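Participant: For reference, the chains in residue letters:
There are 2 protein chains.
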Amino acid sequence: MTATPGLIPRGARNPGSQGALRHLNQERLVEYLLANGPSTQAELARGTGLSTATVSNIVRDMAAKGVVATSPVTSSGRRALLVQLTDTGDIAVGVDFGRRHVRIVLATLGYDVLAEEQVALEPGYDVLEAVAQASALLDRMLVAGGHDRQAVLAVGVGIPGPIDRRTGTVLQGAILPEWVGITRRELEDAFGFPVVVDNDANLGALAEVTWGANRGERNLIFVKIGTGIGAGLILNGQPYYGFLGITGELGHTPVAEHGVICRCGNRGCLETVASTSVMLESLGRSGATTTSDILRRGLEKDPAVLRVVGDAGTAVGQAIGNIANVINPELVLIGGPLVGLGDALLDPIRHGIRQNAIPIIAGTTTVRVSSLGDRAESLGAAAIVIQGALAGND
Amino acid sequence: MTATPGLIPRGARNPGSQGALRHLNQERLVEYLLANGPSTQAELARGTGLSTATVSNIVRDMAAKGVVATSPVTSSGRRALLVQLTDTGDIAVGVDFGRRHVRIVLATLGYDVLAEEQVALEPGYDVLEAVAQASALLDRMLVAGGHDRQAVLAVGVGIPGPIDRRTGTVLQGAILPEWVGITRRELEDAFGFPVVVDNDANLGALAEVTWGANRGERNLIFVKIGTGIGAGLILNGQPYYGFLGITGELGHTPVAEHGVICRCGNRGCLETVASTSVMLESLGRSGATTTSDILRRGLEKDPAVLRVVGDAGTAVGQAIGNIANVINPELVLIGGPLVGLGDALLDPIRHGIRQNAIPIIAGTTTVRVSSLGDRAESLGAAAIVIQGALAGND
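As given, the protein sequences belong to chains C and U, one line each in that order.
Under this note's numbering, residues -17 to 376 are what the first sequence spells out, in order.
Under this note's numbering, residues -17 to 376 are what the second sequence spells out, in order.
Simulated from the structure, these hints should not be mistaken for laboratory data.
Don't take each hint at face value.
Claimed, not checked - Here are a few chain C residues that face chain U, going by a calculated C-beta distance under 10 Å:
| id | residue |
| --- | --- |
| 1 | LEU63 |
| 2 | GLN66 |
| 3 | GLY106 |
| 4 | TYR107 |
| 5 | THR165 |
| 6 | ALA172 |
| 7 | GLY174 |
| 8 | PRO236 |
| 9 | VAL242 |
| 10 | HIS333 |
| 11 | GLN337 |
| 12 | ASN338 |
What the hints assert, rightly or not - Which bits of chain C does chain U cover? Going by a derived footprint, with three or more residues having C-beta under 8 Å, they are:
| id | region |
| --- | --- |
| 13 | 111 to 121 |
| 14 | 290 to 296 |
The model shown is predicted, which means the values in this text are computed figures rather than measured ones.
Ideal Cβ placement from N, Cα and C applies to all residues, glycine included.
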């Protein structure tokens, strides 16, 4: 007999809720179809243990929503109904707002990228103007691809700031103060589509286990080092959102006991010593003014840049080490504009982890760069729409 | 449309695994029976969406294992089979080894406590001797209650140290160095029963959501402040074990930049400033030599004790604040021998959390003492056996 973390503690779920039950059963059918391809209703029932009545009810529903298509076939000499996940031309849109860019990806429910574009935004941009720009870009991409607006299921939007999931509102603490207070509703008005909002680092983490090389990873931290430093978590194989949805605020780990006061009000937070803006301030005398300068000079082994990246990386690693002691991840993925530096960035991070994590944790936590580069957040934003559609939310 | 953290990312599960599928379906039946009481097979099929064939197969299996009992009844004039979770006299044993005690609880699968006893252990006890003492105590408790040894399903054992779940071995870092290297197999030999081993703080957390006032809580940290400081996590409604099972090592959060070297090899860990042993060292001149002294004098408002508890509590709170920024728990429960101090302990912890957590996290995280006091770990140890039995592991 072994421990069974899998069994939900009593009362943690409400098994009596018909909606929740239907949702669970539908998830199971979708998973089966993703794993096994087109299947007859009989195969679905055998493969999932659901009754044929349950299967045919849910299939009818999903077919009405266009999530699956059904076609009559003959199986072992009998008439049967073949069910397959549709590629009806439905489009999931992922939008990633950064500090200086917006990136948009169009994808199918089968995780195929149809189009992908990025445009620069002025630093300190007006948020609603940027959203209007993004909406115009999306419209152009749809027209260019010959896609009907009706095909768009929803727009997933990644924002560099904490999101209160109770209300879909961007909270104090966003990298761009202008984002604070923006609601999902305002974004829906601007895009003219249903919108799902999430934090950019959460979406980066989700992208890694859906699109990336780390598909199927069960315990992973995605750490984005940019103007802000945030983390997205995959725990027990699922995106983790905690109580309010404000998770992964790694940038506010105190790392400098007598450091400066952070914009959050606390002292010596990681962001005050390791964000790309602080790196650029430190490098003021060396003439580096953008993260591209840091990247280029780092690759040329400029000692000033390597020192700054090393100090910042060590601090990031220390903060990760604290967290690793508690959540024991298998994998830490680093994202953001500096990942092209490779080991020049990763080695200091690993050093910082060793300083703060207990030896067995430090020794078994793998640190790599994101497999998706600057596409991670927008792909994650599309993934959240795809997952919502496959789960039959509406 | 909303985001769906509930849908497992592609590949994260293997829906093709028949064992995993059967396990999932069995969990669902057990949950239904826990929520709805005795039910006919037809009701189970309707209530879960499983086919009647699947239900009757799983019920037959569970009946053979004694997890459920079946009895023929008449329902709407038809013959039907009533299924109920059994109280066949099966006993789950929970054993909690502390630094100075071992506590044993006998419980039914229905979470009823049959017997509960605690005996003192000599500080610095020999581990195998203590295990033999516990085994003898368990035997006496079984005899005293008139319970057949056959009735014992398994013994859950809580140990104050990290456990490698791959091997069931106690790792370096255990509060009592003698525990290091002890394996589940050795405990099974000593007790003469199947054994499940887990970390004491993990079991404390599990007890809170199974036996305690916090049943159903989805995101909770249980922090045990004793000779060591460890945390157990309930995330998304389930006990969280991470990659290797070594989670919640809160005691090794660095909180003193120029502090002393910890037994883990790092500098300034929380345990070096806030464990009960360090509190007692600080109080050396005041004549307090046990945690009971701290508790008693703290309740008498002795200023030296309040200062030491205040400093330690603040440091614990700072470490919790770091973690709360990342996992955004709804609830933090404090356990260990000092919880009788109430707000004299909790207020400094809350203060520390406010220092290190961003305002919205600090403002929405509730801090309370454990609802189960010194029973938490042993009840959690029994709960892990109960959950294993209900999930049909063997």
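Participant: Take the hints in turn and mark each one as holding or not.
Facilitator: Comparing the hints with the structure gives:
Annotation: C:LEU63 was flagged as interfacial toward chain U, and the flag is violated, the nearest CB pair being 17 Å apart, outside 10 Å. Interface restraint check: C:GLN66 against chain U, minimum CB-CB distance 16 Å, threshold 10 Å, status violated. Annotation: interface hint on C:GLY106 violated; nearest CB of chain U at approximately 23 Å, more than 10 Å. The interface hint given for C:TYR107 is violated, since its Cβ lies 24 Å from the closest Cβ of chain U, which is over the 10 Å cut-off.
For C:THR165, the interface hint is violated, since its Cβ never comes within 10 Å of a Cβ in chain U; the closest pair sits about 14 Å apart. For C:ALA172, the interface hint is violated, the least distance from its beta-carbon to any beta-carbon of chain U being 17 Å, above 10 Å. The beta carbon of C:GLY174 comes no nearer than 14 Å to any beta carbon in chain U, farther than 10 Å, and the hint placing it at the interface is violated. Evaluation of the C:PRO236 hint against chain U yields a held restraint, the C-beta minimum of about 5 Å falling below 10 Å.
Because the beta carbon of C:VAL242 sits about 15 Å from the nearest beta carbon in chain U, more than 10 Å, this interface hint is broken. Because the beta carbon of C:HIS333 sits about 13 Å from the nearest beta carbon in chain U, more than 10 Å, this interface hint is broken. The beta carbon of C:GLN337 is positioned within 10 Å of a beta carbon in chain U (closest approach about 6 Å), and the interface hint is therefore held. Taking 10 Å as the C-beta cut-off, the interface hint given for C:ASN338 holds, the closest approach to chain U being about 5 Å.
A stretch counts as covered by a chain when three or more of its residues have a beta carbon under 8 Å from one of that chain; for the region 111 to 121 of chain C and chain U the count is 0, and the coverage is violated. Counting residues of the region 290 to 296 of chain C whose beta-carbon sits less than 8 Å from any beta-carbon of chain U gives 0, not enough to reach three: the coverage restraint is violated.
Hints 1, 2, 3, 4, 5, 6, 7, 9, 10, 13, 14 from the earlier list are contradicted by this structure; the remaining hints agree with it.
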